[in-house]
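Trainee: Take a look at the letters that make up each chain.
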Amino acid sequence: MAKSVIQEFTKGLWAEIPPFRLVLGLCPILAVTKSLDNAVGMGIAVIFVLVFSNVFISLLRNLIPKEVRIACFIIVIATFVIIVELLMQAYAYPLFQQLGIFIPLIVVNCIPFGRAEAFAGKNKVLPSFADGLGMGIGYAISLIALSIFREILGNGTLTFPFIKYSIQNVLGPSFQPFTFLIEAPGAFMCLGLMLCIMNMLGKK
Amino acid sequence: MVKLFIVVTLFSSISGGLLAMVKSATQEKIELQQLTYVKGPAINQVLEGCTNNPLEDRFKLKDGGREIDFFIGEFEGKRNTVAFENAGKGFGGAMGVMVAIDMENDQIRGIGITTHSETPGVGSRVKTDPSFRRQFKGISVDAAFKIKAEGGDIDAISGATVSSKGVADTVMESVEIYKRLKKEIKNKAQG
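Keeping their order, the protein sequence lines are chains A and B. Okay, so the first sequence: first residue is 244 according to the working numbering, each after it adds one. Okay, so the second sequence: first residue is 184 according to the working numbering, each after it adds one.
Be careful, since some hints might not be right.
[Unchecked claim] For lysine to any residue, the following SDA-like pairs were computed, each having C-alpha atoms within a straight-line distance of at most 20 Å:
(1) A:Lys407 x B:Val221
(2) B:Lys212 x A:Leu434
(3) A:Lys407 x B:Asn235
(4) A:Lys407 x B:Gly223
(5) B:Lys206 x A:Ile325
(6) B:Lys212 x A:Gly343
(7) B:Lys206 x A:Tyr334
(8) A:Lys309 x B:Phe188
(9) A:Lys446 x A:Leu434
(10) A:Lys309 x B:Ser195
(11) B:Lys206 x A:Leu330
(12) B:Lys365 x B:Asn263
(13) B:Lys331 x B:Ser341
(14) B:Lys261 x B:Asn235
(15) B:Lys206 x A:Lys446
(16) A:Lys365 x B:Val190
(17) B:Lys369 x B:Ser323
(18) B:Lys212 x A:Ile325
(19) B:Lys206 x A:Pro347
(20) A:Lys309 x B:Lys212
(21) B:Lys243 x B:Glu356
(22) A:Lys309 x B:Lys366
(23) B:Lys186 x A:Phe362
(24) A:Lys309 x B:Val190
(25) A:Lys446 x A:Arg264
(26) B:Lys212 x A:Leu302
(27) B:Lys212 x A:Leu330
(28) B:Lys206 x A:Lys365
(29) B:Lys362 x B:Asp289
(30) B:Lys212 x A:Lys446
(31) B:Lys261 x B:Asn370
(32) B:Lys212 x A:Ala335
(33) B:Lys245 x B:Ser323
(34) B:Lys245 x B:Lys362
(35) B:Lys206 x A:Pro337
(36) B:Lys371 x B:Glu257
(37) B:Lys186 x A:Tyr334
(38) B:Lys206 x A:Phe291
(39) A:Lys365 x A:Phe403
(40) B:Lys366 x B:Asp289
For the record, the hints were derived by calculation from the structure and aren't laboratory data.
Extracted from the complex, chain A is given alone in its bound form (with noise of 0.2 Å):
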């Protein structure tokens, strides 16, 4: 391996960040991203399970043999899904309420499925370690981006998570709200000109 563990953590943040560019775990960005607050409880909830499931893939990665691969890997990135939903039901029971099916769906996103197909089933554990980090928060990042976008112009307020505060018209009080950008075809729309940005910022 070429690259360092500082590289592999950093890729997961511009070069290779989920959403935009490898376009994974769509279906969570769409419903998910209507305010911050949920945003940022999913953008953790993904990040522990593709911390854990590509540490845990990674030590046990000699021992899987190939043909039944793909069985242990779900069956490793299912149990942590079960353990993040469980722990948020005891100690967060409001963002659960929130995000309700999005959690267990985190197993079929694809996102901790890819990454432990394309890295952690085939290196080291530290440096898949960094990859699930950077991949994660790379993941939140877009989460957060979207979400306070179509927030702020879809529902002109702004929920900050864990203080339960949230500020009301943001663009003052004239503003009305463009409905359109809370519904899942202004979240296609939003990500397709984020992609967009990106890639024109890219081109410099």
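Using the hints, position chain B against chain A.
Mentor: Chain B in isolation, oriented as in the chain A frame:
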């Protein structure tokens, strides 16, 4: 070939064991969270003004094969009101109705809806419209809880007859449960 079976079996059993551990460790906490966030608002609504914390003053009793959580409300120093949830059928599916009963006068103290999947803005008014819920207040448990369309006294919410009927039927069922278990509830409430 055998190795494949062994590896997958091993993975599944370790994962199963781990999950069972996490589940049992968090179960109590999750139950409490669900009480606070799902049933809590309705309990506080039906037992408004009580001087204790009904979420802590709770016990389970069996009615037939079913276990029901009972919450005790204390008013003017007397532990005389009991609240419990019962599931009924609304227009959009299952509906949870919380009923508080004053055990001294055998009267309904109030009702509240915990969970429902009624049409927003129409059937959901059984939860949000206080004038609908108020009709149950102070009615004796021996009364028949029926909507006017069925010859009873309860005004259904216009456009939401099925949801209103669902609430009335569930309250009817709940008072039956109360009558069956009254003695046990009173014993538990005092002790």
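Trainee: Holds or violated: lysine 212 of chain B with glycine 343 of chain A, Cα cutoff 20 Å?
Mentor: The given pair, whose Cα atoms are some 18 Å apart, holds under the 20 Å limit.
Trainee: Hey, lysine 212 of chain B versus leucine 302 of chain A, does the alpha-carbon distance stay inside 20 Å?
Mentor: Given that 20 Å is the threshold and the Cα spacing comes to 32 Å, the pair is violated.
Trainee: Would the pair lysine 365 of chain A and valine 190 of chain B pass a check requiring their Cα atoms to be no farther apart than 20 Å?
Mentor: Distance ~18 Å between lysine 365 of chain A and valine 190 of chain B Cα, so the pair holds.
Trainee: With the threshold set at 20 Å, check whether the alpha-carbon distance from lysine 206 of chain B to leucine 330 of chain A stays at or below it.
Mentor: holds, 9 Å
Trainee: Does the structure keep lysine 206 of chain B and tyrosine 334 of chain A at a Cα separation of 20 Å or less?
Mentor: holds, 13 Å
Trainee: Can the restraint linking lysine 365 of chain A and phenylalanine 403 of chain A be considered satisfied, given a maximum Cα separation of 20 Å?
Mentor: Roughly 39 Å separates the two Cα atoms, so the pair is violated.
Trainee: Checking one constraint from the list: CA of lysine 186 of chain B to CA of phenylalanine 362 of chain A, max 20 Å. Satisfied?
Mentor: The given pair, whose Cα atoms are some 24 Å apart, is violated under the 20 Å limit.
Trainee: Do the alpha carbons of lysine 206 of chain B and proline 347 of chain A lie within 20 Å of each other, as the hint requires?
Mentor: holds, 15 Å
Trainee: Taken at face value, is the distance from the CA of aspartate 289 of chain B to the CA of lysine 366 of chain B at most 20 Å?
Mentor: holds, 13 Å
Trainee: Given the hinted pair lysine 446 of chain A and leucine 434 of chain A, is their Cα-Cα distance within 20 Å?
Mentor: holds, 19 Å
Trainee: Verify the proposed pairing of lysine 206 of chain B with lysine 365 of chain A, using a straight-line Cα cut of 20 Å.
Mentor: Judged against 20 Å, a Cα distance of about 32 Å means the pair is violated.
Trainee: Is lysine 212 of chain B within 20 Å of isoleucine 325 of chain A, Cα to Cα?
Mentor: holds, 16 Å
Against the hints set out earlier in the document, violations occur for numbers 2, 3, 15, 20, 22, 23, 26, 28, 30, 33, 37 and 39.
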